[in-house]
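Those sequence lines, one after another, are chains A and B. Using UniProt numbering, the first residue of the first sequence is number 1, and each one after it goes up by one. Using UniProt numbering, the first residue of the second sequence is number 1, and each one after it goes up by one.
Some clues are possibly wrong.
All copies of an identical chain are treated as equivalent in the list; a pair is satisfied when it fits inside any one copy or across any two copies.
[Unchecked claim] Simulated pairs of lysine-lysine, DSS-like, Cα-Cα distance not exceeding 25 angstroms: (1) Lys297 to Lys286; (2) Lys286 to Lys296; (3) Lys297 to Lys110; (4) Lys117 to Lys84; (5) Lys152 to Lys6; (6) Lys114 to Lys6; (7) Lys195 to Lys44; (8) Lys152 to Lys297; (9) Lys195 to Lys124; (10) Lys296 to Lys6; (11) Lys152 to Lys55; (12) Lys296 to Lys152; (13) Lys131 to Lys84; (14) Lys152 to Lys114; (15) Lys109 to Lys297; (16) Lys23 to Lys297; (17) Lys124 to Lys271.
Don't read these hints as lab results, they were simulated from the structure.
There are 2 protein chains.
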Amino acid sequence: MLSLPKEVTIIEVGPRDGLQNEKNFVPTETKLMFINKLAGAGIKEMELTSFVSPKWVPQMQDASEIVASPPDIPTNIVLAPNRKGIDRALELGCRSVAVFVGVSNSFNKKNINKSTKESLEELKPIITELKKKDIFVRACISTAFYCPFEGKVAESDTLRLCEEFVAAGVDELSVADTIGMAAPSESFSLFSSLKERLPNVLLTAHFHDTRKMALANIFAALQAGIDRFDTSAGGLGGCPFAPGATGNVATEDVVYMLERMGISTGIDLTKLVEAIDTVSPALSRKIESGYYQLSKK
Amino acid sequence: MLSLPKEVTIIEVGPRDGLQNEKNFVPTETKLMFINKLAGAGIKEMELTSFVSPKWVPQMQDASEIVASPPDIPTNIVLAPNRKGIDRALELGCRSVAVFVGVSNSFNKKNINKSTKESLEELKPIITELKKKDIFVRACISTAFYCPFEGKVAESDTLRLCEEFVAAGVDELSVADTIGMAAPSESFSLFSSLKERLPNVLLTAHFHDTRKMALANIFAALQAGIDRFDTSAGGLGGCPFAPGATGNVATEDVVYMLERMGISTGIDLTKLVEAIDTVSPALSRKIESGYYQLSKK
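Excised from the complex, chain A in its bound form (with noise of 0.2 angstroms):
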């Protein structure tokens, strides 16, 4: 028989980690928009934007205007990669911080030129402080099956540095196959430890659809134990520092195969199509899910 959870909860990452991605500049209007109908379609925690470089990442320039006027839902993230970027979180208010590091050294060095031990030092510090401060901290560990650059990524390197996060006292753990690379036994094997080892930290799968594995995967981290998955609406997303890794999983085909196995997301699907609409023809991109294309027919 098959265990599997009645509830997930599902993390939006579209505002973040899907418009990252995206060339064009969508208007902070849009974006905020966006956000709220997502909000008004049952999403309960979001990845809102980012405080980074705007020299690096243009399109997360209006991150102040956007956490100046969060949505009404009990997790507001934002990401920040380093100080300079908690710091101004903080000061805004901010009250859910996303570090990131990956576990592959040579993916890491490409996203934040440091080696994932230089990270994790920098980070434990901060993370002390954080917590200090009663921010809800959740680290976003990359490359966790896959690098682009270094090729298969072992299991127990990455068991270590979640562990290492955990030590470190972050509250919520986004494990992610960065590449679209992972296959459902490998999903299945590393969610299934991780439960094990860490079973007081929210454990959070994060996959994306490169080679239409993603919900094959998700399938595999629910009888893991996983009732926690990072989506993006209209599959918006990608990693514009690895090759290849087009496409977050959809919010919407996760919703819908979750639901249709009688797991409750608490998403309207109807809702979350209109909020799709609302910043789709800012992008320079189709939205390609399975449910957003059948839903237009």
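Given chain A's structure and the hints, the job is docking chain B onto it.
Below, chain B alone, put in the same frame as chain A:
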């Protein structure tokens, strides 16, 4: 722990189920090249063509020429909807015949203008005759989960029909999620029941990727003990009589996922892409499978 088979048989349906939905007539020579290259890539069982009325499916008007030059593989299957088609196939020396029927009455009527029961009763004596001639008989059971006209199909209805076909003497059941609506939990449930009730027939699962759930459904079916899958090179196909049924699951995406889980298929992905390249210039559509697209980057 996951229980997965060590080997899987891929039944390639692109030349028949895939091409029958192509508006533009694909030249016979191109079809034969496609078929031969698929065999060269390691395909061992293939639906080559269909003996249907050229009035209904003009793409299949060259069925006789196709079966005159079959590839050198163990199982070359031809589809035939009725006695007339079957007689033609046998006259031309075909040794493996596929018949089809929909679990849903409405679908079966739209498809072949008969109720499911009428189809079954007509096919029973034909199957007996075919088995006397030692012909391999495959029964394609469509709308096994959902019907585009009636919605949810009861698992018990699908099971009953499958049992009747096995009682009639078929060698293989190809059980299809014709409109790509099955959730992985439904795939697991139906295929577990089939596996338990019908241990002495070849059980094949046939999924469409309409809602991006095909690989998840395959992963679920593997866990139910299924080790045979219909797939279509390039993801060609759909169903002309089922609205919204675009997209057979792509052979290359299935093979990639299976091989990545250590499940052997005997198929060479590079050669498979070359096979798709033979036919794709003749098609009115783009190849959208994950593996194919990445192979061109």
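Structure-based check of each hint:
Taking the shortest Cα distances, Lys297 and Lys286 sit within 25 angstroms of each other both inside one copy (15 angstroms) and across copies (19 angstroms). In this assembly of identical chains, Lys286 and Lys296 lie within 25 angstroms of each other by CA distance both inside one copy and across copies; the values are 13 angstroms within and 20 angstroms between. With identical chains, the CA atoms of Lys297 and Lys110 are at most 25 angstroms apart between copies only, with a shortest distance of 21 angstroms across copies and 41 angstroms within one. In the homo-oligomer, the alpha carbons of Lys117 and Lys84 lie at most 25 angstroms apart inside one protomer (19 angstroms), although the nearest pairing across protomers, at 71 angstroms, exceeds that limit.
In this assembly of identical chains, Lys152 and Lys6 lie within 25 angstroms of each other by CA distance solely across copies; the values are 21 angstroms between and 33 angstroms within a copy. Taking identical chains as interchangeable, the C-alpha atoms of Lys114 and Lys6 are never at most 25 angstroms apart, the minima being 40 angstroms within one chain and 41 angstroms between chains. Proximity of Lys195 to Lys44 under the C-alpha cut-off of 25 angstroms is restricted to the intra-copy arrangement: shortest distance 23 angstroms within a copy versus 41 angstroms between copies. In this assembly of identical chains, the alpha carbons of Lys152 and Lys297 lie at most 25 angstroms apart only when taken from different copies (20 angstroms versus 40 angstroms within one copy).
In this assembly of identical chains, the alpha carbons of Lys195 and Lys124 lie at most 25 angstroms apart only when taken from the same copy (22 angstroms versus 52 angstroms across copies). Taking the shortest Cα distances, Lys296 and Lys6 never come within 25 angstroms of each other, neither inside one copy (30 angstroms) nor across copies (41 angstroms). For the identical chains of this complex, Lys152 and Lys55 are neighbours neither inside a copy (31 angstroms) nor across copies (52 angstroms), given an alpha-carbon limit of 25 angstroms. Proximity of Lys296 and Lys152 under a CA criterion of 25 angstroms is satisfied inter-copy only: 22 angstroms between copies versus 39 angstroms inside one chain copy.
Proximity of Lys131 to Lys84 under the C-alpha cut-off of 25 angstroms is restricted to the intra-copy arrangement: shortest distance 17 angstroms within a copy versus 76 angstroms between copies. For the identical chains of this complex, Lys152 and Lys114 are intra-copy neighbours only, at 20 angstroms inside a copy versus 53 angstroms across copies, given an alpha-carbon limit of 25 angstroms. Taking the closest pair of Cα atoms, Lys109 and Lys297 come within 25 angstroms of each other only across two copies (24 angstroms); inside a single copy the shortest separation is 44 angstroms, beyond that limit. Within a single copy, Lys23 and Lys297 get their C-alpha atoms only as close as 28 angstroms, which misses the 25 angstroms cut-off; across copies the closest is 19 angstroms, which meets it.
Neither within a single protomer nor between protomers do Lys124 and Lys271 lie at most 25 angstroms apart by alpha-carbon distance, with minima of 40 angstroms and 49 angstroms respectively.
Consistency note: the structure conflicts with the earlier hints numbered 6, 10, 11 and 17.
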